[in-house]
Amino acid sequence: MSGSALLDQVTRGDHVCWIVDDEAVRLDTLAEVVQAGLRKRERVIYTGDDPEGILAAIECRGVPTAEALAAGSLRASTPESCLTSGGAFDPAVAMRLLREESDKARQEGFPGLRLIADMSWASRSVPGAERLPGFEAELNVLFAEGYLLGICAYSRRLFDPLSLRRHTSTHAGAAGTDMPFDPASALRLRLTPPYGLRLAGEADIFNRQALAAVIEHLVDQDDGSVAEIDVSDLRFADTAAGRILAQAVDRRAGGLRLVGASPALSRLLDFHGDRGALASDTDAEADSA
Amino acid sequence: MTGHRSVARFDHPALLYRGEQEYLAGTTAFVRAAIADGDPVMVAVPGKNLDLLKAALTDVADRVVFADMAVAGRNPGRIIPRVLLRFATDHPGRRVSIIGEPIWQGRTALEYPACAAHEALINAAFVDRDAAILCPYDAERLDPSVVEDAWRTHPTMIEFGGHRVSDRYADPFDTADTFNQELPASPADAEFLVYGDHSSLAAVRYFVRRNAAASLSADETEELVLAANELAANTVEHTSGRGRITIWTEPGVLICQVDDAGHLADPLAGRLLPPAHHQAGYGLILTNDLCDLVRIHTTPTATTIRLHKYL
Chain A
0 MSGSALLDQV
10 TRGDHVCWIV
20 DDEAVRLDTL
30 AEVVQAGLRK
40 RERVIYTGDD
50 PEGILAAIEC
60 RGVPTAEALA
70 AGSLRASTPE
80 SCLTSGGAFD
90 PAVAMRLLRE
100 ESDKARQEGF
110 PGLRLIADMS
120 WASRSVPGAE
130 RLPGFEAELN
140 VLFAEGYLLG
150 ICAYSRRLFD
160 PLSLRRHTST
170 HAGAAGTDMP
180 FDPASALRLR
190 LTPPYGLRLA
200 GEADIFNRQA
210 LAAVIEHLVD
220 QDDGSVAEID
230 VSDLRFADTA
240 AGRILAQAVD
250 RRAGGLRLVG
260 ASPALSRLLD
270 FHGDRGALAS
280 DTDAEADSA
Chain B
0 MTGHRSVARF
10 DHPALLYRGE
20 QEYLAGTTAF
30 VRAAIADGDP
40 VMVAVPGKNL
50 DLLKAALTDV
60 ADRVVFADMA
70 VAGRNPGRII
80 PRVLLRFATD
90 HPGRRVSIIG
100 EPIWQGRTAL
110 EYPACAAHEA
120 LINAAFVDRD
130 AAILCPYDAE
140 RLDPSVVEDA
150 WRTHPTMIEF
160 GGHRVSDRYA
170 DPFDTADTFN
180 QELPASPADA
190 EFLVYGDHSS
200 LAAVRYFVRR
210 NAAASLSADE
220 TEELVLAANE
230 LAANTVEHTS
240 GRGRITIWTE
250 PGVLICQVDD
260 AGHLADPLAG
270 RLLPPAHHQA
280 GYGLILTNDL
290 CDLVRIHTTP
300 TATTIRLHKY
310 L
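Same order as they appear, the protein sequences are chains A and B. Take 0 as the starting number for the first sequence in numbering that gives the first Met the number 0 and just add one per residue. Take 0 as the starting number for the second sequence in numbering that gives the first Met the number 0 and just add one per residue.
Next comes chain B alone, as it looks inside the complex (with noise of 0.2 Å):
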């Protein structure tokens, strides 16, 4: 049957499942009940996974739209606008339903605070949308704050085969708040410019062609150049005083900072498009989709952005 409802209505379970009978079990139930509804599925897992699912759903292959997450939202701050809220928007008044799993065992302590971030404000994102997203978590080998955090981050919870409501989870924002957390201090040696006359963005590319041309391809670095440019616009735009940004490399990865006197208090800027006709407002989601990580962490007088290019 060809489910038609007339109030939306935003579903977030976690999945937390122990093994891959439970991981299939989970979510192919989840696809296939989604299906049988007439709603668009889609299934965004990351590698190993998605060749499992791919293999268990082979009959209804061509009603599912399949996305390596590890690709696709390797980035965390790209999931809801580019995963997501593409999905959603590319079918305009139909429930979506969607298996989104952004945390997995090979994400790195640094990632790990944007993905429980980008979880918790999945809920904000989603509000008045009618959806449902399933984010399966590997209960038996990721870390148990993790899991733990996956009850602040999702309404209802999937366990055991049972439903039954968190009664940890928690405000959105309140929750996303809590993964804004300082960075680590940058090497005192890293190369840095202040900025903030007038066409200094200049300076500011010059400087970040400069120096993360050795450690990227052209076209990466250019990327970078154009991620840069928009961090450092926002601040000439955006507030009175300088910036400063701060470019160095750790083992495996090119990190640029910026750092300035702005506050960015909307905790979805970067991952909402803004609407059609709107000119401004791009900046951020580009740097999320220019860049592998983008951590922030930002107070009312205070912000720093950390840019990630993986090597």
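Chain A extracted, bound-state conformation (with noise of 0.2 Å):
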């Protein structure tokens, strides 16, 4: 193994974009992000094209894939087993498998769930592969929840820049050649049962519909509860992602709280906030004058 290192950061509730450009960066990184699964006792999942090439490829690289298959806690697939037996990509469908696999993994004892998966399918004409940016949004709930970790590559060669940053925007993280996982500057999005939510990290363009995905979910949660995002680790947040939050305060009107925002949050909220509270208070002034 080379030690390109690029995703030895991501942990469990990670949802990562990798944007792919280089092919033996991606053998050797797939083989990292495998044994370091194995490592931890994960169950590992990759579905791809050529998974046999790509499990001979990362055996020769010290993986011990035969094992691991054997044993159950690697396994291997190709894209199309995801798809609907008409071959479409159906959101319902892959949602579907996905928390099978999940609860069976969780059944089976493994302490984590790790997907990782070659995304070349939706570059060609699958029925239904406009719709895999918003279900790869939606996932982010699901990654929320901490026990799956996702590795979504997309090929440079394949994906041409601005499908890719639409791509990016719908993971929590983004990696490439040259540019690892860092958790630092990632947002990191964790569900605090019953009803909170933690945000670490950054929030910028480059995850925005990840952020808007799970703020959406914990809005329509709307049962009386009030839920409480955690911000305090929020590091950075632009104007969208404030406009995002603060929208996500008002629309709950009282059911929902920021915990631990920084100043410059603060701010932000206020100018995303402010054009309605000002108009009232100044209607109220005028009223009464």
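Hint data in this document are derived by calculation from the structure and do not stem from the laboratory. Incorrect hints may appear among the rest.
[Claimed, not checked] Listed below are several chain B residues computed to face chain A (Cβ distance under 7 Å; list not exhaustive): (1) ALA169; (2) PHE172; (3) ASP176; (4) LEU200; (5) ALA201; (6) LEU215; (7) GLU219; (8) GLU221; (9) GLY280.
Ideal Cβ placement from N, Cα and C applies to all residues, glycine included.
Two independent chains are provided; combine them into the complex using the hints.
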């Protein structure tokens, strides 16, 4: 193994978009992330084209694939196995498969489920592939439970810069050649039962859809409970992230609380919240005048 | 009497005053006429003039909102969204009257083009709105070229107690474009970073944090980090190329400059709040809020935006 170490900081709960542009780096990194999962006794599932070829390549790099396959801690399949019988991508079917796998791994006593997906299939004319970004964004809720770890590999050769950017923003973190996954600058979303969420890291355009989907999930949980979003480890939020949070607080009207906002985040929340607030204050003044 | 007008009308006169007496005569007449019409009134003028007007309007102080333009409008880029339009949108369906004095003797050569562009763009931002904005100019102390520019940015003028139509008033976008001027070169030894790949915004933020922390407080540093992040995000979202961020200090100011191959085609970008349901379009407004001055030079093939934090 060459030790590219692009993804060695990824932990359970992370959902990472891995931009691939170098075949040697790809195979080295795949070997590293599979090996890391096996060492942590997680179940590792790889889906992608030519799974046998991949298994052979990482075996060459020192990963005991035969042993792991026999023990049930490693599985490899083609992406087609996750599509419908008609060969289409159906988010509902894919989500059900994922939940089943996740439940099964839990039942079998694995401390986590590590998913490594080669997304090259999405660049082909698969019916329903246009629904992938929405699905990937929704997935963040599942990842935020903290049991799954997801690495989605998108090849720069197959996806143009615009669609790469769109796919990146549905993931909480990103990595690429010479740009290892950095937990400090990625966004980390972790649901804290029963009704909370902890945010850490940095929220910007590259993880906007991931943040929006998880916050949307919290807002939708409107069952009279008070949900708390702990933002004390959120080191940076851009204006759009601030807007997502401010609007969520507004929409749940007292049912959602932000805890630990930095001065910068407080300012952003005021920025997005103040138009309505100021207007009503001044109206009250004018009415009493 | 209370005015109920059926047709919205925007008036934007400049008041060319000489001395305190003329200043007070022109401004208080404007305020008292608006109050008599039942219109909401705001006075946004710089410090010393604010004190003068407050003292002259004590009897109607409860009918007037006062703001120190040297604070609220220190960055001329935020006067339209945060002072003028805010007051107008706070009074939906009503004609508003505002004294807005964005240009005073202490404005620097660096600030002035942004102030003059602001004056021109008021005419575009308030078209179709029912409002009157009176802009006092100190004709004795301001440079004659500044007074000359006021004739180009105001459709009507008040001088020596009389109103007249400005014969030099021109299309506001054309006038604003004359202040879309090239910026002086950044120092050759200034720290810079080229960005433009996925996830490189984290690198931009790190770069700004590292280079600003020595000059700014922690909060101010994060303000600049946020502003620079919004500009760099625009590069990534709206251009196909890379951007370059440069940072340096000059006496009294920290400057952070973002260069990219984009074109800021809308002169009102950063001055008009998007409709409430829009999720995007807040970046430049926020940038104007976070900085003491934002200077922009944009062409179809390149844009330079310079953020200033006063020390």
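Okay, the hints, checked on the actual structure:
Below 7 Å, beta-carbon pairs count as interface contacts, and B:ALA169 has none with chain A, the closest being about 33 Å; its hint is therefore violated. For the restraint placing B:PHE172 at the interface with chain A, the shortest Cβ-Cβ distance is roughly 26 Å, beyond the 7 Å limit, so the hint is violated. The beta carbon of B:ASP176 comes no nearer than 27 Å to any beta carbon in chain A, farther than 7 Å, and the hint placing it at the interface is violated. Interface restraint check for B:LEU200: the shortest CB-CB distance to chain A comes to about 5 Å, inside 7 Å, so the restraint holds.
At a threshold of 7 Å, the smallest CB-CB gap from B:ALA201 to chain A is about 4 Å, leaving the interface hint in force. Here the hint on B:LEU215 is broken, as its CB sits about 12 Å from the closest CB of chain A, past 7 Å. Nearest Cβ of chain A to the Cβ of B:GLU219: about 10 Å, over the 7 Å cut. The hint is violated. For B:GLU221, the interface hint holds, since its Cβ comes within 7 Å of a Cβ in chain A; the closest pair sits about 4 Å apart.
The beta carbon of B:GLY280 comes no nearer than 10 Å to any beta carbon in chain A, farther than 7 Å, and the hint placing it at the interface is violated.
Violated hints, listed in ascending order, are 1, 2, 3, 6, 7 and 9; each of the other numbered hints is respected by the structure.
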